Amino acid sequence: MSAAASTGGSAVVLAVRGAGKRFGGLQALSGVDLSIERGQVAGLIGPNGAGKTTFFNVITGLYPPDSGTFELAGQPYKPSAVHEVARAGIARTFQNIRLFPDMTALENVMVGRHVRTASGLWGAVLRTPAFRREEADIAERARELLRYVGIERYADYRARTLSYGDQRRLEIARALATDPQLLALDEPAAGMNATEKVVLRDLIRRIRSDGRTVLLIEHDVKLVMGLCDTVTVLDYGKVIAQGTPAQVQRHPQVIEAYLGAGHHA
Amino acid sequence: MTLKSSRMQLLAFAVAAVALVVLPLFVQPIGSGWVRIMATALLYVLLALGLNIVVGYAGLLDLGFVAFYAVGAYMVALLTSPHLAEQFTWFAQHFPQGVHTPIWVVIPLAALLAALAGVLLGTPVLKLRGDYLAIVTLGFGEIIRVFMNNLEHPINITNGPRGLDRIDPVSVFGFSLGRPLDVSLPWGELRIASVTMYYWLFLLLVVVSVVICRRLEDSRIGRAWMAIREDEMAARAMGIHTRNMKLLAFGMGATFGGVSGAMFASFQGFVSPESFSLMESVMIVAMVVLGGLGHLPGVIVGALMLAALPEVLRYVAGDIQSMTGGRIDAAILRQLLIALAMIVIMLLRPRGLWPTPEHGRSAMAEGPEGLPGSGGGRA
Numbered sequence: 357m358s359a360a361a362s363t364g365g366s367a368v369v370l371a372v373r374g375a376g377k378r379f380g381g382l383q384a385l386s387g388v389d390l391s392i393e394r395g396q397v398a399g400l401i402g403p404n405g406a407g408k409t410t411f412f413n414v415i416t417g418l419y420p421p422d423s424g425t426f427e428l429a430g431q432p433y434k435p436s437a438v439h440e441v442a443r444a445g446i447a448r449t450f451q452n453i454r455l456f457p458d459m460t461a462l463e464n465v466m467v468g469r470h471v472r473t474a475s476g477l478w479g480a481v482l483r484t485p486a487f488r489r490e491e492a493d494i495a496e497r498a499r500e501l502l503r504y505v506g507i508e509r510y511a512d513y514r515a516r517t518l519s520y521g522d523q524r525r526l527e528i529a530r531a532l533a534t535d536p537q538l539l540a541l542d543e544p545a546a547g548m549n550a551t552e553k554v555v556l557r558d559l560i561r562r563i564r565s566d567g568r569t570v571l572l573i574e575h576d577v578k579l580v581m582g583l584c585d586t587v588t589v590l591d592y593g594k595v596i597a598q599g600t601p602a603q604v605q606r607h608p609q610v611i612e613a614y615l616g617a618g619h620h621a
Numbered sequence: 048m049t050l051k052s053s054r055m056q057l058l059a060f061a062v063a064a065v066a067l068v069v070l071p072l073f074v075q076p077i078g079s080g081w082v083r084i085m086a087t088a089l090l091y092v093l094l095a096l097g098l099n100i101v102v103g104y105a106g107l108l109d110l111g112f113v114a115f116y117a118v119g120a121y122m123v124a125l126l127t128s129p130h131l132a133e134q135f136t137w138f139a140q141h142f143p144q145g146v147h148t149p150i151w152v153v154i155p156l157a158a159l160l161a162a163l164a165g166v167l168l169g170t171p172v173l174k175l176r177g178d179y180l181a182i183v184t185l186g187f188g189e190i191i192r193v194f195m196n197n198l199e200h201p202i203n204i205t206n207g208p209r210g211l212d213r214i215d216p217v218s219v220f221g222f223s224l225g226r227p228l229d230v231s232l233p234w235g236e237l238r239i240a241s242v243t244m245y246y247w248l249f250l251l252l253v254v255v256s257v258v259i260c261r262r263l264e265d266s267r268i269g270r271a272w273m274a275i276r277e278d279e280m281a282a283r284a285m286g287i288h289t290r291n292m293k294l295l296a297f298g299m300g301a302t303f304g305g306v307s308g309a310m311f312a313s314f315q316g317f318v319s320p321e322s323f324s325l326m327e328s329v330m331i332v333a334m335v336v337l338g339g340l341g342h343l344p345g346v347i348v349g350a351l352m353l354a355a356l357p358e359v360l361r362y363v364a365g366d367i368q369s370m371t372g373g374r375i376d377a378a379i380l381r382q383l384l385i386a387l388a389m390i391v392i393m394l395l396r397p398r399g400l401w402p403t404p405e406h407g408r409s410a411m412a413e414g415p416e417g418l419p420g421s422g423g424g425r426a
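As given, the protein sequences belong to chains A and B, one line each in that order. Start counting the first sequence at 357; every next residue gets the next number (the working numbering). Start counting the second sequence at 48; every next residue gets the next number (the working numbering).
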């Protein structure tokens with residue numbers, strides 16, 4: 357298994373311990389532990405309302421957690437503000453795609469470079485050599501990424517006019533533009549047809565083979581089992597199983613959570 | 048684009064530039080009032096360009112933009128009119144000659160002060176969005192005006208509704224734009240009116256502003272602004288510090304307003320709170336929106352049109368008034384015609400007179416066969 361291969365000496369990219377989040381009377385997350393090693397695709401699954409999205413929003417800074425420690429590439433980080441998490445190195449995509457619809461595909465990806473570039477007002481107004489150099493760099497990287505996800509030919513098209521599958525790929529390219537330690541995908545296959553799913557799966561595999569780390573939240577169990585190195589199953593805000601896809605699939609609590617208590621009796 | 052057509056463009060551009068520069072020389076014999084209208088229109092262009100940064104680029108609806116105009120105007124008025132020296136003996140002692148600031152100090156100072164006001168306004172309100180932001184900025188605009196109107200008791204700072212007069216004209220290298228300039232040319236004497244020189248100064252400021260806006264648009268900062276306008280949540284997820292970027296937009300936009308106000312004060316020689324009413328803010332927003340939100344040529348056309356229209360109508364309305372024996376009041380007619388013009392524009396061109404051309408291309412328009420192995424999309 358590739359999971360075993362990459363374990364040897366590789367660093368932990370994301371380490372979450374004891375994450376908890378309460379909304380009023382609902383304990384949405386309690387004591388969730390999750391660690392993801394570099395170069396892995398980690399899956400997070402669970403039935404509806406299990407807390408997947410809450411967990412996702414907590415680690416990306418959208419909801420401040422009530423408890424838990426969070427480390428990214430060995431550095432503790434505080435998931436307190438979305439833009440700081442992005443700067444720290446987690447890039448996300450959204451379940452319902454959120455591009456900048458009236459900007460071109462290229463410009464969308466160029467926005468992704470914002471957090472790794474520095475030029476300000478004066479550079480822009482005076483067009484300093486440093487500004488020009490950086491601008492050229494940004495455009496080049498953005499083009500490269502469009503090529504990487506396979507939509508380079510749409511560079512000058514408005515994002516809103518791309519097909520659904522292409523919009524998803526554009527969103528991934530934009531996220532990759534931030535040079536993330538961890539690429540977090542929130543149900544990327546939602547609403548995709550079978551062909552689009554295959555393209556997406558191949559893209560995520562390629563991203564992994566380039567040494568990047570991916571957290572995948574997904575409803576589609578088949579996609580998760582076929583793609584992930586490790587899978588974590590949440591139910592009622594708690595981790596009920598963790599391991600390789602094969603281990604998780606046989607786990608009695610997982611079967612119960614998905615199929616109901618009566619099934620394995 | 049062939050080389051020939053780009054050369055044609057350059058030629059057209061040069062012709063237009065020369066025409067703009069010499070235009071007032073031909074207009075001033077008809078009456079310097081017309082040149083004055085042209086110069087005032089350029090000040091409105093400056094205001095509209097500033098507001099366009101806030102509304103057009105960053106998508107923050109600001110209905111109190113005139114406040115920054117007021118800040119710039121009052122700054123110059125206080126600095127260069129004898130008012131402060133007359134009110135405060137210590138001021139008169141320190142500056143027995145008065146403070147006569149040259150343009151090189153006035154413009155940066157007005158820009159800085161207005162930017163400060165912009166950030167000051169921005170800081171508490173940036174959590175608000177859309178309509179709520181519009182209401183609060185509207186209030187801010189009114190507050191500034193009310194301040195100017197009432198800051199005469201117990202200490203007379205702004206001279207209240209009577210306003211400040213005897214403001215210095217702009218001076219460039221000790222050369223005052225307030226007096227006409229006589230130049231002798233080989234074919235005779237030419238008298239260049241004061242308003243004509245102001246027109247040139249404002250034209251220069253507009254050109255500089257357009258270059259600044261154009262460069263901002265196409266930069267890391269400009270893209271961040273537009274990203275915020277398009278989807279604030281996604282912009283934040285890309286690591287954009289949305290609060291700082293919005294403050295920057297507010298400050299940058301205010302800068303233009305402040306400079307425009309400073310020029311207005313020097314140009315008129317008189318300011319009073321009346322010039323900074325809510326109606327002015329509404330007009331500036333209308334210029335940006337009618338012209339074409341976020342599109343520089345559109346914004347300029349919108350500003351020129353709305354600034355010139357009332358003045359032109361003023362002349363026409365006078366005639367109509369006398370024709371009807373004074374039954375139709377000029378002011379009312381003017382308002383009616385402007386309202387009519389606005390309604391017609393919005394009906395015929397809902398995205399503005401000269402909107403942003405559909406930016407980039409559309410993948411949908413080219414049909415599904417244009418799509419590569421994306422597995423076919425959904426609409």
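Hints are supplied without guarantee of correctness; some may be wrong.
Stated by the list, open to error - Take a look, some chain B residues computed to stay more than 10 Å from chain A by CB distance:
id, residue
1, Trp81
2, Gly269
3, Ala274
4, Glu277
5, Ala281
6, Leu360
Unchecked claim - Just some of the chain A residues that point at chain B, by a computed CB distance under 7 Å:
id, residue
7, Val438
8, Arg443
9, Asn452
10, Ile453
11, Phe456
12, His470
13, Ser475
14, Trp478
15, Ala480
16, Ile563
17, Asp566
18, Gly567
19, Val577
The set of hints was computed from the structure by calculation and includes no laboratory data. Being a predicted model, the structure only gives us computed values, none of them experimental. Backbone N, C-alpha and C fix where the C-beta goes; we use that ideal spot for every residue, glycine too.
Status of each hint after checking the structure:
no.	hint	result
1	Trp81	holds (34 Å)
2	Gly269	violated (7 Å)
3	Ala274	violated (5 Å)
4	Glu277	violated (4 Å)
5	Ala281	violated (4 Å)
6	Leu360	holds (36 Å)
7	Val438	holds (4 Å)
8	Arg443	holds (5 Å)
9	Asn452	violated (11 Å)
10	Ile453	violated (9 Å)
11	Phe456	holds (4 Å)
12	His470	holds (5 Å)
13	Ser475	holds (5 Å)
14	Trp478	violated (10 Å)
15	Ala480	holds (4 Å)
16	Ile563	violated (17 Å)
17	Asp566	violated (20 Å)
18	Gly567	violated (21 Å)
19	Val577	violated (21 Å)
Figure legend: structure checked against the earlier numbered hints; hints not met, in rising order: 2, 3, 4, 5, 9, 10, 14, 16, 17, 18 and 19.
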